[in-house]
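Chemist: Protein chains in written order, with my numbering: chain A, 451 to 690; chain B, 30 to 268.
Don't take every hint at face value.
Only part of the chain B face toward chain A is listed, based on derived beta-carbon distances under 7 Å [as the list claims (entries may be wrong)]: (1) Leu45; (2) Thr48; (3) Val51; (4) Met53; (5) Leu54; (6) Thr160; (7) Ala163; (8) Leu165; (9) Leu166; (10) Arg179; (11) Phe180.
Far from chain A, by Cβ distances over 12 Å, these chain B residues were calculated [unchecked claim]: (12) Phe81; (13) Lys110; (14) Val113; (15) Trp141; (16) Asn142; (17) Tyr164; (18) Ser170; (19) Tyr184; (20) Leu228; (21) Gln258.
These are calculated hints, taken from the structure and not from any lab test. All C-beta atoms in this analysis are idealised placements derived from N, C-alpha and C, irrespective of residue type, glycine included.
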Amino acid sequence: MIEPYGAHSLAANMPRASAYLAVVGAIVRKDLAVEWRSRQLLASMLVFALLVILIFNFALELDAATRSELSAGVLWATFAFAGTLGLNRSMAMENDSRALDGLLLAPVDRSAIYFGKALANVSFMLLVALFTLPVYSILYNVDLFNAGLLLVLVLGAWGYSAIGTLLAAMAMQARSREVLLPVLLFPLLLPVLIAAVRASGFFLEGLALAYIWPSLNLLIVYAVTMPALGYMFFDFIVEE
Amino acid sequence: MASNSVQPKPRLLSALDLTSVVLMLAATWMVFFYAPSAQPEAGGEAQRIFYFHVSTGWIGMAAFISAAVAGVVYLIRPNRKWDVFSVAAVEIGLVYSFINIATGSIWARPVWNTWWTWDPRLVTATVMQLTFLAYLLLRQSIEDPERRARFGAIYAILGSLTVPLTYLSIRIWRTIHPVVIGSGDPSAQGTFDMTPLMLQTLLFSLLAFTVFGLTLLWHRVRLGWLGEQVEQLRLKAMR
């Protein structure tokens, strides 16, 4: 792809902040364009997400009595599993034919590459969610169209891909990369998942905001601190 | 390499070995014969495990935090010694936090009437444990020592976020885990008021475990250094 170079020449006449954003935008566009042409990742994430829901259906016997309480948990477990597929693929793509080396050679701030990849990953996750939610809603006759749930989804998916992108870049350079990523990711992710499941469940039950705030707070803390940590550490991870 | 000769065991370390044995024996004596037994709701005689439960928990958390601090120093000044220290601290932290969870379980059996319950404190402590197990797995799957040290440092820093979360979990969420130091949740089960003799026993146990933990850490760091020297010698022999 030639966009990073294009973004740089574009960046020469711009103030620093918008130059940085131009680089981030170029990386996001690159990832989305690659995905649009191959449609490999989204297709597998979507089919996988549906299969996970199917497995839960039989494993938990999601009948009318239980599904209203379990919906939030089933959905977040599905997103968490489908998300690791996306993260692995997104980094393996850079690893094949050493595309990442090309990216790193570009004369841009490396954290911009991190934010670009993280934003691309979060858009894949949200696209999967956008497809999964209506299907789940129809299959189980649960009303999932709730503004609060969407907010939790965006915050949770952002926290997820912020830490996930960082760890995927790390796991990619290890021996057993695809196996290692979930092992590294899930322990650090558990607080986000717990908060997301609780907040989603509370929104679906229509509880007062006072009950939801503690979980929402934790989600916001993660959505802010994880990108900050990625910003600090990404350079150390990709340096040779 | 500074030297290829094996350094003899430092005298101070031998002295620390002896001190730890004496302190641990004294702490055990205090737990059983000096501290009074607690009220039955807190487990009665079973509450005596509390002194070791708190002490091992403290060593576990302190070890994880030190590993993260060594990680920060390593990222600023990449020197192998910080990596050796970091992995030593994580291993010791894992052993101690496991003892912490095991002693908690033993106490919970009579008091909460179950070995395990999905309480926030128990969950966060388990997450902390799993995070640092993942740290060891990460190190195992990277060959290059420099990269292993760098990634280890970053993961130890990320993982150390679970330590304050575990410490604060009984203070911010509704929990049945007692908060003995500071005020706890009214729904906690098995809380007791510490008498002065209990407090003295707790402080002494903390001291004994801290000295013992530091001694183990020194041994483990020394072992790590010797391992590095073996590695260097092997590389030299292969050339």
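Chemist: Checking against the hints above, which ones are violated?
Modeler: Hint check: 1, 2, 3, 4, 5, 8, 17, 18, 19 fail, others pass.
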